[in-house]
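Undergrad: From first to last, the protein sequence lines are chains X and W. Taking this note's numbering, the leading residue of the first sequence gets 1, the next gets one more, and so forth. Taking this note's numbering, the leading residue of the second sequence gets 1, the next gets one more, and so forth.
The set of hints was computed from the structure by calculation and includes no laboratory data. Quantities reported herein were computed from a predicted structural model and do not represent experimental measurements. It is possible that part of the hints are untrue.
Each computed PhoX-like pair below joins lysine-lysine, with the alpha-carbon atoms no more than 20 Å apart [unchecked claim]:
id	chain 1	residue 1	chain 2	residue 2
1	X	K201	W	K82
2	X	K232	W	K82
3	X	K232	W	K106
4	X	K274	W	K106
5	X	K232	X	K80
6	X	K57	X	K124
7	W	K104	X	K274
8	X	K160	W	K106
9	X	K124	X	K149
10	X	K201	W	K104
With the Cβ distance kept under 7 Å, some of the chain X side facing chain W (calculated, not the full set) [what the hints assert, rightly or not]:
id	residue
11	E220
12	D237
13	I241
14	E266
Even for Gly, the Cβ is constructed at its ideal location relative to N, Cα and C.
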Amino acid sequence: MKDLVILGAGTAGTMMLNKLYKLLDKNEWKITIVDNEKNHYYQPGFLFIPFGVYTKKDVVKPKKQFFPGEHEMIESEIFKVLPEFNKVHLNNGIILDYDILIIATGSRTAPEETEGLKDKLWYKDIFDFYTLEGALALAEKFKKWNGGKLVVNITEMPIKCPVAPLEFAFLADAFFEDKRIREKVQITYVTPLAEAFTKHKCSEVLGHFLDDKGIELEAEFNIARIDNENKKLISWDEREIDFDLLVTVPVNKGADYIEASGLGDELNFVPTDKHTLQSLQHKNIFVIGDASNIPASKAGSVAHFASEILTENILSYINAMPLAAKFDGHANCFIESGHGRAFLIDFNYDVEPLPGKFPLAHLGPFSLLKESRTNHIGKLMFKWTYWNLLLKGKELPVGSAMSLDGKILDNQQIKEQFITDTQQIQKLSGGI
Amino acid sequence: MSNAAAEKIILGKTLAIDADGNLVNMADWNEEIAGELAKEEGIAELNGQHWQVINFMRKVYSETGDSSSIRKLTKESGVDTKTLYALFPKGPAKKAARIAGLPKPKGCI
Numbered sequence: 001m002k003d004l005v006i007l008g009a010g011t012a013g014t015m016m017l018n019k020l021y022k023l024l025d026k027n028e029w030k031i032t033i034v035d036n037e038k039n040h041y042y043q044p045g046f047l048f049i050p051f052g053v054y055t056k057k058d059v060v061k062p063k064k065q066f067f068p069g070e071h072e073m074i075e076s077e078i079f080k081v082l083p084e085f086n087k088v089h090l091n092n093g094i095i096l097d098y099d100i101l102i103i104a105t106g107s108r109t110a111p112e113e114t115e116g117l118k119d120k121l122w123y124k125d126i127f128d129f130y131t132l133e134g135a136l137a138l139a140e141k142f143k144k145w146n147g148g149k150l151v152v153n154i155t156e157m158p159i160k161c162p163v164a165p166l167e168f169a170f171l172a173d174a175f176f177e178d179k180r181i182r183e184k185v186q187i188t189y190v191t192p193l194a195e196a197f198t199k200h201k202c203s204e205v206l207g208h209f210l211d212d213k214g215i216e217l218e219a220e221f222n223i224a225r226i227d228n229e230n231k232k233l234i235s236w237d238e239r240e241i242d243f244d245l246l247v248t249v250p251v252n253k254g255a256d257y258i259e260a261s262g263l264g265d266e267l268n269f270v271p272t273d274k275h276t277l278q279s280l281q282h283k284n285i286f287v288i289g290d291a292s293n294i295p296a297s298k299a300g301s302v303a304h305f306a307s308e309i310l311t312e313n314i315l316s317y318i319n320a321m322p323l324a325a326k327f328d329g330h331a332n333c334f335i336e337s338g339h340g341r342a343f344l345i346d347f348n349y350d351v352e353p354l355p356g357k358f359p360l361a362h363l364g365p366f367s368l369l370k371e372s373r374t375n376h377i378g379k380l381m382f383k384w385t386y387w388n389l390l391l392k393g394k395e396l397p398v399g400s401a402m403s404l405d406g407k408i409l410d411n412q413q414i415k416e417q418f419i420t421d422t423q424q425i426q427k428l429s430g431g432i
Numbered sequence: 001m002s003n004a005a006a007e008k009i010i011l012g013k014t015l016a017i018d019a020d021g022n023l024v025n026m027a028d029w030n031e032e033i034a035g036e037l038a039k040e041e042g043i044a045e046l047n048g049q050h051w052q053v054i055n056f057m058r059k060v061y062s063e064t065g066d067s068s069s070i071r072k073l074t075k076e077s078g079v080d081t082k083t084l085y086a087l088f089p090k091g092p093a094k095k096a097a098r099i100a101g102l103p104k105p106k107g108c109i
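So here's chain X without its partners, still in its complex pose (with noise of 0.2 Å):
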């Protein structure tokens, strides 16, 4: 009996789960998953909540209930991988080995990296919106601010979901709007990068967006530090900026443990092979999703799509044959925009977003580097999409591999799929 180990159960863990328990001969190979949490959060709608759209009942479920058949967890912290002897030593003391380990463990925000971040004004007037106790937060504070400076502000790359920040500060406008005092709420955008999307294309084309909704932009600000006692924010070449409600997203790291093990870089994430996911220190260990260094964007899309190459590679691993499945990086991200409209950008590690439509080429109905309300609906489809299919690795409309054809799909089954899906979705989200 041959062991596979899979280190985290969050989006791209248990799609990996699900692939390979259908795959792979359960007499010959054990499955094994670790997690340190019960709870599976759906990410993106931790977005959604600080304007009152989605509730915590919306983003959390059990685990378990996205495991293929009686699947266990182990639930424990993991202390440390030793490659040298292929083991996994957990915090609550179990050892595993392994013969092939997939490191699935993701990225988690570090406030406590930035000079007094999570210091006094920390979830007074100082939020972040990646973590579910953070939005919730902010949730409550949002209902009774009466306006003043608000900064939405990247502390330093790389972050997970890159376009989330502007799409907070977008949904922020909206949300004063509707309340009917955005003439007393100033809106900064404060980023390391030296424009507002981290993809020039999309700063090209869709930049006047922020001059448009009066959100001011302030680029290549790199943090120093937050000043409580006067609420300001210093940067590295001594510039200030004033807040009386900051909304930072912190610096991003991968586990403690990698640290640990020697397997990260100075982020702790794992420096891993772009096309085939495979650990450049170690053929045994392959990692997928936040967790890696791979350039590409730390989302649920691109471990969704890089799942499915993992899923050949593996099987070829197994089988000594060479790992020919190349991922290309493909991401695919829909930003709402406020007032029930959102973009929809699709891009991988060569070619940048491209306007067209999508999935179905000239037939959409998402239209790409464009606004429209169909995104947006397609934005709050996909909660229901993540927890029904993607998950558990069921097949969707979209393949793994970027289409530039205009972006067409040919596969039939694939088009009839995604329309069965989408009416299904339609009477489902009959209210939106």
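We have chain X already, so just place chain W on it with the hints.
TA: Here is chain W on its own, set in the frame of chain X:
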């Protein structure tokens, strides 16, 4: 290495540059060219500390094939964060990579 997007003449030599304005061929780089690239970034003259960072980045690149992130610089280059921002204002990793003749650090995705 990234693909050539344009050409640029520095010190009489025609050099291929990528979409970010960084050199495409490491072999095109030398210390004089670094000095010219630094001027374009608003750094009149490269001092010993600038070179400490540039040499560190080139060493890491030769070992890993990646340009160092700001975090790697602050952790391992021997120059503290505050000084890095004073040496290469606004974007130390991005600017130092360009002057060192390397591609832009990833992580800006």
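Undergrad: All hints are to be evaluated individually against the structure, with a verdict given for each.
TA: Results for each hint:
1. X:K201 <-> W:K82: The given pair, whose Cα atoms are some 32 Å apart, is violated under the 20 Å limit.
2. X:K232 <-> W:K82: 18 Å, holds
3. X:K232 <-> W:K106: 29 Å, violated
4. X:K274 <-> W:K106: Roughly 12 Å separates the two Cα atoms, so the pair holds.
5. X:K232 <-> X:K80: 39 Å, violated
6. X:K57 <-> X:K124: At roughly 24 Å apart (the allowed maximum being 20 Å), K124 of chain X and K57 of chain X break the hint.
7. W:K104 <-> X:K274: 17 Å, holds
8. X:K160 <-> W:K106: It holds: about 14 Å lies between the C-alpha atoms, which stays within 20 Å.
9. X:K124 <-> X:K149: Distance ~14 Å between K124 of chain X and K149 of chain X Cα, so the pair holds.
10. X:K201 <-> W:K104: 17 Å, holds
11. E220: 4 Å, holds
12. D237: 5 Å, holds
13. I241: Violated - the Cβ of I241 of chain X stays beyond 7 Å from chain W, reaching only about 15 Å at its closest.
14. E266: At 4 Å from the nearest chain W Cβ, E266 of chain X passes the 7 Å test, so the hint holds.
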